[in-house]
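Going line by line, the protein sequences match chains V and S. For the first sequence, position 552 (counting from the first letter as 1) is numbered 551 according to numbering that gives the first Met the number 0, and the numbering increases by one without interruption. For the second sequence, position 116 (counting from the first letter as 1) is numbered 115 according to numbering that gives the first Met the number 0, and the numbering increases by one without interruption.
Note that these hints are calculated values from the structure, not bench results. Note that CB positions come from ideal geometry on N, CA and C, so glycine has one too. Worth double-checking, as some hints may not be accurate.
Covered stretches of chain S, as calculated for chain V (at least 3 residues, CB under 8 angstroms) [stated by the list, open to error]:
1. 95-102
2. 149-162
3. 169-180
4. 184-195
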Amino acid sequence: MPLSLAPGRHGGVRYQRRQEVDFVIVGSGSAGGILARELSVAGFSVVVLEQGLYRRAEDFEHHDDFATMVKTPDRALTGSLDDDPQTFRASEHEVAAKATGGPVANYARTVGGSSAHFTGNFWRLRPLDFKERSLLGDIPGTGFADWPIAYQELEPYYTKVDWEIGVSGEPGPFDPPRSRPYPLPPLPVKSSGVLFEKGCRALGLHPQAAPMAILSRNYNGRRRCYHCGFCLGFGCEFGAKSSTLFTTIPEAEATGRCEIRTGATACRVPTDDDGRVTGVAYFDSDGREHLQRARAVVLSANGAETSRLLLMSESSRFPHGLANSSGLVGKYLMFNGGSSARAVFDEPLNEFKSVQVTRIAMDFYETDPERGFYGGGGIDGRWIDFPVTFGLGGLPPDAPRWGARYKRMLGEYFNYTMDMTTHATSLPVASNNVTLDPTHKDVYGRPGIRITYRDHDDDLATMRFLRDRGAEVLEAAGARRVWKQPVRPQTSTAHLLGTCRMGDDPAASVVDRYHRAHDVPNLFICDGSSMVSSSRGQPTMTIMALAFRAGEHIARFASQGDI
Amino acid sequence: MKSRDGLTHSRRWFLGAGAAGAGGAWLALQAPVFRAAALQAREAAASGSPLASLTSHEFTELEAIAARIIPETDTPGAREAGIGRFIDQAFASFRAPDLPAARRGLSELQALVAAAGSAGEPAGADTTDPGGNNAPLFSELSQQRQDDLLSRIEGSEFFELVRWLTVVGTFALPSYGGNQDQIGWRILGFDDRHTWVPPFGAYDGETEGG
Ligand SMILES: Cc1cc2nc3c(=O)[nH]c(=O)nc-3n(C[C@H](O)[C@H](O)[C@H](O)COP(=O)(O)OP(=O)(O)OC[C@H]3O[C@@H](n4cnc5c(N)ncnc54)[C@H](O)[C@@H]3O)c2cc1C
Ligand code: SF4
């Protein structure tokens, strides 16, 4: 199905395809959108290839909870599994099954990538996340490792994200050091936040305002959140969600040096006789293949798509895929663990209003050897349903599913229910990975993404542990009833992390500490794939900070002729 | 399933699919077709135009089932919300592949009606012809008997399909045709406004501050 592009929406320059530009960036998401600005502001010519459409705030439709999509009639934000199939299996001994109930690797194919529709929980990593392997020792059977950089090195870039992307919040008791306060106060608390806070305090925990990439006040020429309530999975009609779509991408275009080329699906990164990349080959929306030539290439297509592209770019010189002499491209995929409990209260919470989350607690962030397993995370009070989804599965598991009592309970629960969700570590395991599916192909003939994944037992134990603590919080908050959702191995994800990890050792990582591919001097990779450990379940603040940092270093290399 | 922020996985909001095999994620992907079907449903209902996929017999029977899934009580239910037209349009478009299964399910249900009828009311029932003229239709039974029969098929592929269509149609945007006069939203207590100001809920004022 061809994409209907909207010509004239693009604010930037248009380059001739024949013309060699300084940089081609693949993907305009959380990382790509920032790199586009950093490199174009630094004076370089940039073409961003984005497979999705250019949707703007006015294209996002309010509260269509089926669709969670935009008026543009062609496609849902997450794309079509018919056009681009994905497959899943729990181990490499299985034949992967084609996904039908929704994507396995779930991300938005649109300008801004998944930052266009994310929930906006923006947690920094803490110093310990960068050196947990040294602190805790080896975990046999995993690729548990330290990062090549420390928190202090990333801190200025976290601050850039706060101020340039727009994060609302206030410091909590366990927060890592910060060089500047939040630019915006927290969003107004919701009843789920108040009850979460009450339960936490009763148990001696330390609730804090949730840091969110959503504007609590008008900021940098953008409008604040109007609390429409259709947030998780929706693009924001007000532009209040701090997506690259509303921030760095227009700034990149305003330089007059950056083109966002939409409907452009990258299919190969070719190399010359010296083993340097020469540009990026892509299909336009009519299925015609083109090559955009460039002096250097940056891949920011996310942890699944970047791996796919590298594996598809194999050649006699790079027989296992481009930049893959380590064999680690696509490996160590991390989903982040997640689990939840739900509770119903006596008074109306009206959780269908405003953003998903307003309070979190970080008391269980660190690994505690007493628990007997690796892992930790954060918990939050929130809401995750909309009318249709609540009708389908919002009531407790023992509730009637039809009939007069079902109907009555819907009314008794819809406005009285909240969730407690957990966000947890995933261990890097080599058998969890992205590979090319041998059977299923997309409309352009590219092999589909095949994901092989089973949560490590410690990850499952962490999910159960956090869920049980969260259920205690709901009890302590005075819930009329609490029920726990079962913890099962995950079969899909919106967090695509670790598949081209950074590191100093070319045998044990794909990119170096500046995101340059160990094997290819003019190829850079920066997105969720760069992460060495998983974070505690909210990786995007870090992905954006990495992109700001990478942009600065790549621009420096380019100016020094060191690419 | 995946992070609470990452949609998917056991995220209940993508669950609820059941045997009919379609949760929110699936729906999101189908939305364009779905939207077109829904608009047609509305127009069809408004103009009294002919059914798009069902016979009028099938329409009556499916609507009767939906009317027990979300019944009229002290407030209107799925039938009043326009679910019949919604289901008809669904089978004409995005759930067309399921129409044969729905037809099979309907005749199996009717066979149950006949068998139950002959057991309960031996006089006059023709047990050799379970779908025959002598048996009442499901839609003609008392609500109690309808509910008894539906309890027996709950969990079957057919029941889950009709439940899914009924719930989705009743709680989706009214523009999709099955939530007329916001009947579905009023069942939930969902208030449809574009923007909100705090306080949002009854507990908001009790904060001690983060
Ligand atoms: C509904 C949802 C809610 C989320 N909520 C949160 C949250 O609260 N907190 C948090 O930390 N994280 C959240 N996430 C995760 C977060 O959005 C991602 O971690 C983040 O956006 C990843 O950034 P990225 O740059 O790696 O990739 P993406 O943002 O996925 O961007 C990749 C871009 O590349 C494009 N692309 C891919 N392949 C190609 C190709 N071959 N050719 C051309 N273009 C291509 C894609 O279309 C996309 O635009 C959420 C995700 C989802 C889906
Ligand atoms: S809740 Fe606020 S940030 Fe989220 S989509 Fe609505 S207006 Fe935008």
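Problem set entry | Violated hints, by number in ascending order, as checked against the structure | 1
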